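A.B. asks: Protein chains in written order, with full-length UniProt numbering: chain F, 1 to 253; chain D, 1 to 253; chain U, 1 to 253; chain E, 1 to 253.
Source of the hints: derived by calculation from the structure; they are not laboratory data.
Among the hints, erroneous ones may be present.
Heads up, simulated SDA-like pairs for lysine to any residue below, C-alpha to C-alpha not over 20 Å straight-line [unchecked claim]:
1. D:236 x F:132
2. D:131 x E:144
3. D:124 x F:164
Predicted model only: the values in this text are computed from it and were never measured.
There are 4 protein chains.
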Amino acid sequence: MGREVVKMVLEDPELQLVAAIGNTSTGAVDAGSLVGKPDTGVIVLSNLADALSVSRPDVLVDFTNPKSAMPNTETALAYGVRPVIGTTGFTPEQIVELDKICRDKGIGGLIAPNFSIGAILMMKFSAMAAKYFPHVEIIEYHGDQKLDAPSGTSIKTAELISQARQELRQGNPNEEEVIEGARGGYYDGFRIHSVRLPGVFAQQEVVFGAFGQTLKIRHDSFDRAGYMPGVNTAIKKIMSVTGMVYGFEHFLD
Amino acid sequence: MGREVVKMVLEDPELQLVAAIGNTSTGAVDAGSLVGKPDTGVIVLSNLADALSVSRPDVLVDFTNPKSAMPNTETALAYGVRPVIGTTGFTPEQIVELDKICRDKGIGGLIAPNFSIGAILMMKFSAMAAKYFPHVEIIEYHGDQKLDAPSGTSIKTAELISQARQELRQGNPNEEEVIEGARGGYYDGFRIHSVRLPGVFAQQEVVFGAFGQTLKIRHDSFDRAGYMPGVNTAIKKIMSVTGMVYGFEHFLD
Amino acid sequence: MGREVVKMVLEDPELQLVAAIGNTSTGAVDAGSLVGKPDTGVIVLSNLADALSVSRPDVLVDFTNPKSAMPNTETALAYGVRPVIGTTGFTPEQIVELDKICRDKGIGGLIAPNFSIGAILMMKFSAMAAKYFPHVEIIEYHGDQKLDAPSGTSIKTAELISQARQELRQGNPNEEEVIEGARGGYYDGFRIHSVRLPGVFAQQEVVFGAFGQTLKIRHDSFDRAGYMPGVNTAIKKIMSVTGMVYGFEHFLD
Amino acid sequence: MGREVVKMVLEDPELQLVAAIGNTSTGAVDAGSLVGKPDTGVIVLSNLADALSVSRPDVLVDFTNPKSAMPNTETALAYGVRPVIGTTGFTPEQIVELDKICRDKGIGGLIAPNFSIGAILMMKFSAMAAKYFPHVEIIEYHGDQKLDAPSGTSIKTAELISQARQELRQGNPNEEEVIEGARGGYYDGFRIHSVRLPGVFAQQEVVFGAFGQTLKIRHDSFDRAGYMPGVNTAIKKIMSVTGMVYGFEHFLD
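My request is simple: use the sequences and hints to build the entire structure.
C.D. replies: Written as structure tokens, this is what we have:
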């Protein structure tokens with residue numbers, strides 16, 4: 001993901017790459033060459049604080065992992081740099097604490113488990129439709145090596161649907177599974193189905209059924225790079241925000 | 001459609017059938033028997049004014065045709081009956097005039113080319129998505145005997161998308177049609193495709209494409225009866241409305 | 001289903017309706033009037049043997065239930081009438097026995113759990129594709145009041161896929177279900193997912209995944225009447241067959 | 001495509017890379033380093049005849065362009081090397097001529113416009129289904145910068161459907177296009193629709209409609225690399241073939 005961010009920044013004339021953090025064990029590398037582009041003069045560094053101290057950027061983009069993300073965010077804020085963080089795993093207490101630091105510094109920050117505008121719209125529309133169509137099932141598709149089922153996005157979608165729709169336990173109460181698990185995973189009255197196949201990156205379809213009709217909302221993601229328009233939007237919007245925002249959906253109106 | 005309405009009203013304990021208008025040339029028929037239900041005591045009549053005068057209903061539901069709909073609406077209003085009209089073809093001037101009569105009488109009315117909640121949500125979501133995903137095409141499917149292409153619903157959807165998105169002429173400017181018409185019908189920078197096949201009632205898919213992802217919103221309608229939940233909602237909501245409303249979407253929040 | 005058959009026969013000038021069996025407790029009814037058509041002169045009878053004895057048809061179409069189908073088939077054969085049977089529940093021994101009777105009489109018969117040409121092609125193509133694409137999952141959709149999951153058709157499809165493909169246990173061996181059942185029902189190394197929603201009649205999608213691509217075969221059935229072209233084909237083909245055929249797929253080349 | 005082939009060969013222990021042809025203007029490059037793999041000892045050369053003369057391979061894979069493919073194929077055959085060619089543009093006369101050379105040399109060759117097993121199955125199944133379901137339309141999706149519409153694959157599919165189905169001019173004879181082109185491109189009685197959107201690589205859906213049902217066959221290709229399993233199969237099968245084969249479908253049974 002880091003490479004995709006570097007590429008996206010280099011390709012947008014409104015943005016400027018001033019530093020890049022990565023593994024430097026193989027010697028000095030120019031950030032441009034890492035992504036198949038001409039040299040940029042920005043040498044990849046290993047220490048975040050040093051890099052921020054020297055380059056003084058407006059924004060830090062971090063796609064590391066839950067363990068590194070909290071200290072990285074604190075380091076960024078210590079240097080007055082706005083963090084745009086693409087990992088999960090922050091506790092509500094941590095977010096409150098980071099929000100306080102942001103406000104003290106008078107700057108903004110964003111923590112977003114999902115930067116895909118398409119996925120966020122899919123979730124939003126699903127919640128809206130659930131108000132009128134309480135009968136719903138979710139089918140999500142991922143690569144066949146994914147470990148967890150159902151996906152985080154499908155559980156988040158299910159949560160939003162649950163909040164929006166009238167309470168309902170769907171299906172025939174006397175339904176019987178001839179093969180165990182055929183009816184999928186149960187979530188608050190409805191079902192989530194997880195398909196795992198090679199050739200698939202990340203897809204989800206939310207199907208609503210009512211007398212004589214079905215309504216389907218489907219998002220197909222073919223590539224990590226699909227997140228970049230969202231990261232780009234976030235980098236620009238974060239400049240006019242104060243406080244720590246949780247969830248990229250707040251940057252869409 | 002008239003029969004579907006009769007059936008729906010008879011099946012809802014909150015509603016009461018007090019009159020039915022239809023072809024009476026084959027003799028007296030009970031409205032119940034027309035729809036395979038027990039007799040209701042409501043005999044189908046041929047003259048609307050007579051029927052309204054005798055039965056004094058709260059609401060008239062009309063699924064006739066553009067030519068009859070205007071006089072029928074005027075007759076209903078003359079008797080203080082709220083019209084719920086499922087035909088197209090009203091001019092803006094006629095709607096203004098009917099709105100005035102409604103307000104004079106202190107009652108409400110609805111003219112709705114489409115009562116399908118699913119179709120209306122599809123249009124609404126498409127307009128919302130077009131703001132973020134300006135690249136879009138519409139594919140609509142109807143039975144193979146349909147005369148016009150593209151469908152009224154797809155043109156309405158295209159209109160709403162056009163209003164919501166940034167101006168954009170999609171596609172390669174040097175694109176060439178090896179077979180004329182392959183790229184579909186042109187509407188304000190994007191394309192509409194009309195598929196006509198037996199076995200299909202009415203379906204539409206709106207496809208948005210962006211780097212690395214697609215977002216699809218699809219509505220499949222299998223049956224006229226799919227409109228009935230919308231008509232049912234309209235009959236109930238119309239009681240607390242004043243003025244003539246155009247478009248069922250105004251009855252959804 | 002019986003009514004659909006009557007309708008189909010009346011609408012095909014190559015076929016002639018000579019008898020109809022049904023519930024006669026409400027008095028004499030013409031078979032035409034049962035299906036909203038003009039009178040045919042064929043009065044619905046309650047006793048199959050009597051009806052066959054009087055009308056001497058070429059073919060009997062039976063869409064009753066597993067319990068009645070066996071005696072009805074025997075009765076038909078006793079009168080030299082070719083049975084076209086649309087129910088399940090025959091044992092292999094019964095089929096062998098019926099085949100023997102057919103051959104003794106020099107006539108043909110058909111027992112077919114599924115008359116949908118589309119469903120049969122879907123199964124056939126799925127088995128063919130499984131040879132090249134061993135990674136597969138089945139998603140089937142039925143109305144929300146259906147009792148059993150997965151559907152008979154999906155199990156039959158799974159069987160055919162299993163026979164055609166190389167042995168393979170799909171997915172990550174360390175996969176974990178966060179919500180039990182999310183990964184669907186297990187069948188010989190792959191998964192079947194059963195969606196149950198109002199507005200759906202019977203749909204099935206077989207999805208094959210391989211590096212960089214997916215192949216999907218989908219059959220959507222909107223209506224019982226979709227089986228009638230298959231029944232029509234069967235009635236005509238049965239005239240030139242000897243012996244009892246099991247499965248409508250043998251009538252497609 | 002050349003790089004994908006190099007990668008695929010290096011990853012299959014049954015195959016051995018012995019030469020690679022490419023642009024050498026930037027100095028000597030190891031074929032492994034071109035595809036992000038360790039050095040292989042195979043230096044990319046610019047002259048095909050020299051490379052074949054030195055390395056004496058069993059098979060040449062060529063994904064160049066219509067202009068270079070014919071001389072390259074002739075050069076390969078002159079050295080007794082089996083050509084596997086992934087370009088279009090050969091005339092029937094050229095293929096006859098190449099077949100003769102192959103037979104004289106006692107070796108095999110393959111010219112294949114499409115190496116995607118999924119696409120070939122889609123075409124095959126479509127032709128099979130058209131026999132039973134004569135009502136059909138094709139919808140194909142490609143990236144928004146593609147120049148020609150409809151795609152070569154959709155035209156090839158249309159051809160195969162035409163040969164298989166009974167003659168039929170679909171649709172209402174009085175059909176009217178409110179927006180010109182909405183009904184798509186006309187091909188022998190049916191229609192092809194070309195959708196062009198960013199985020200799409202190559203997708204095609206063939207939809208058959210009949211009373212009460214639809215059957216859909218869909219192939220989604222996300223990546224050039226999806227062709228490689230087909231190229232791999234071809235390299236292995238070509239060793240036991242004599243003569244020039246046109247079309248990869250002949251290598252699938």
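A.B. asks: All the hints need checking, so say for each whether the structure fits it.
C.D. replies: Results of checking the hints against the structure:
1. Restraint check: the Cα-Cα separation between residue 236 of chain D and residue 132 of chain F comes to about 16 Å, which is no more than 20 Å; the hinted pair holds.
2. Distance hint between residue 131 of chain D and residue 144 of chain E is fulfilled; the C-alpha atoms sit about 19 Å from each other, no more than 20 Å.
3. Note on residue 124 of chain D and residue 164 of chain F: the hinted pairing holds, with a Cα-Cα distance of about 17 Å set against a maximum of 20 Å.
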